[in-house]
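Novice: Sequence:
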Amino acid sequence: MTKIELRLDHLQCRVQGDASGGSEPYLWPVLLWVTDQTLGTATPVRVNHPHSPRTVIAQNVHAGAALAVPASVGRISTNLDAGDSLRKAIAVVTLLENDDTPDHVVLAAYDRYVEALPVAIAGHLLELNSDDPDTVDAATAAVREEVSDAVHSAGKDALTWWEKVKVEVGSLNLDDEVGAEFASTEVTKELGLTFQQSTTILSQTVVTQDWRLSGALVVDNTVDRCASEALAVNRAKVVRDAAQRRLRDLQTAFAQAPAAERPAIQLDIDDARAELSSAESALDAAESALAACRARPPRHIPEHVLDHVLDHVIEVRHDLT
1095 MTKIELRLDH
1105 LQCRVQGDAS
1115 GGSEPYLWPV
1125 LLWVTDQTLG
1135 TATPVRVNHP
1145 HSPRTVIAQN
1155 VHAGAALAVP
1165 ASVGRISTNL
1175 DAGDSLRKAI
1185 AVVTLLENDD
1195 TPDHVVLAAY
1205 DRYVEALPVA
1215 IAGHLLELNS
1225 DDPDTVDAAT
1235 AAVREEVSDA
1245 VHSAGKDALT
1255 WWEKVKVEVG
1265 SLNLDDEVGA
1275 EFASTEVTKE
1285 LGLTFQQSTT
1295 ILSQTVVTQD
1305 WRLSGALVVD
1315 NTVDRCASEA
1325 LAVNRAKVVR
1335 DAAQRRLRDL
1345 QTAFAQAPAA
1355 ERPAIQLDID
1365 DARAELSSAE
1375 SALDAAESAL
1385 AACRARPPRH
1395 IPEHVLDHVL
1405 DHVIEVRHDL
1415 T
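Using the working numbering, you'd call the opening residue of the sequence shown number 1095 and step up by one each time.
Honestly, the hints are just simulated from the structure, not real lab data.
Each hint should be verified, as a subset may be incorrect.
[What the hints assert, rightly or not] Taking lysine to aspartate or glutamate and the EDC-like style, the derived pairs with C-alpha atoms no more than 16 Å apart in a straight line are:
{"id": "1", "residue 1": "K1250", "residue 2": "D1270"}
{"id": "2", "residue 1": "K1331", "residue 2": "E1369"}
{"id": "3", "residue 1": "K1258", "residue 2": "D1194"}
{"id": "4", "residue 1": "K1250", "residue 2": "D1194"}
{"id": "5", "residue 1": "K1182", "residue 2": "D1225"}
{"id": "6", "residue 1": "K1250", "residue 2": "D1314"}
{"id": "7", "residue 1": "K1097", "residue 2": "D1130"}
Take the sequences, apply the hints, and build the full model.
Specialist: Below, the structure written as structure tokens:
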């Protein structure tokens, strides 16, 4: 049983050029993976994320600050099915700066981000796995562009008419993206991600943002006695997330629909709420089962059983000599 974990530890601010003073950074970390089982399916790249659209790490951050990344966004993991083999573990982390983007817009952009990433990576999987660095760089740039376009489109569509007016006149300051970084591996790998922005002043390049993020992409092949329970939690989260997206889509459709169509959509919303409630209950049950498994002490194997096994091994070795 293989466990993959994205661990983000510390975010260091080296240069911070926000005109308003300090910065309020937050992260969009995503863990993706490709395995023998996922290859050849309609979704070869699988994904997990912390379901945290805007968890600000600290307020009023200036250059020189070193911040501990909270576990709520700094720990993402998954367990592969028994017998499955990892082809590639991928970490994608985007660093953003909190300003005045409305919550519903951030949520729409985040949802599109975690949906677009595995699709874009799957579309360039062969190039990303190339031995030619130029091919990999070109594919990475294409993934960045496709995901960025999707996220900005979702955010723009989520803005109300009045919010768009405020953006145009400069009274609504939207959150800034500092940068996005990719890392991939088949074995445990330490991460040192750099996020920079620069501008040109009098023909000189001036760095306006410089952040360093440390962590690791961990591939653990140790047998987990609670692997089936952990896998059940991962699957329950997938079902819960799908139910949440369906409900949000229906609520958006309801808000935009003519009055005559709203009663039918409301029935679908009621069904979606029931599905979400059921999915959340199933996730709660799966998480409780996992917690109970983790709390159980390891099984003690009596010494006489170990002695019997050892005697058997010695006998077999003697017969072979």
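Novice: Is the Cα-Cα distance between K1250 and D1270 16 Å or less?
Specialist: Distance of about 14 Å is within 16 Å: holds.
Novice: Hinted pair, alpha-carbon criterion (16 Å max): K1258, D1194. Please report holds or violated.
Specialist: holds (13 Å)
Novice: Taken at face value, is the distance from the CA of E1369 to the CA of K1331 at most 16 Å?
Specialist: holds (13 Å)
Novice: Holds or violated: are the alpha carbons of K1250 and D1314 at most 16 Å from each other?
Specialist: violated (40 Å)
Novice: Can the restraint linking K1182 and D1225 be considered satisfied, given a maximum Cα separation of 16 Å?
Specialist: holds (14 Å)
Novice: Next pair to validate is K1097 with D1130; report whether the Cα-Cα distance is within 16 Å.
Specialist: The given pair, whose Cα atoms are some 15 Å apart, holds under the 16 Å limit.
Novice: Taking 16 Å as the top limit, are the C-alpha atoms of K1250 and D1194 close enough?
Specialist: holds (14 Å)
Of the hints listed earlier, the one the structure fails to meet is number 6.
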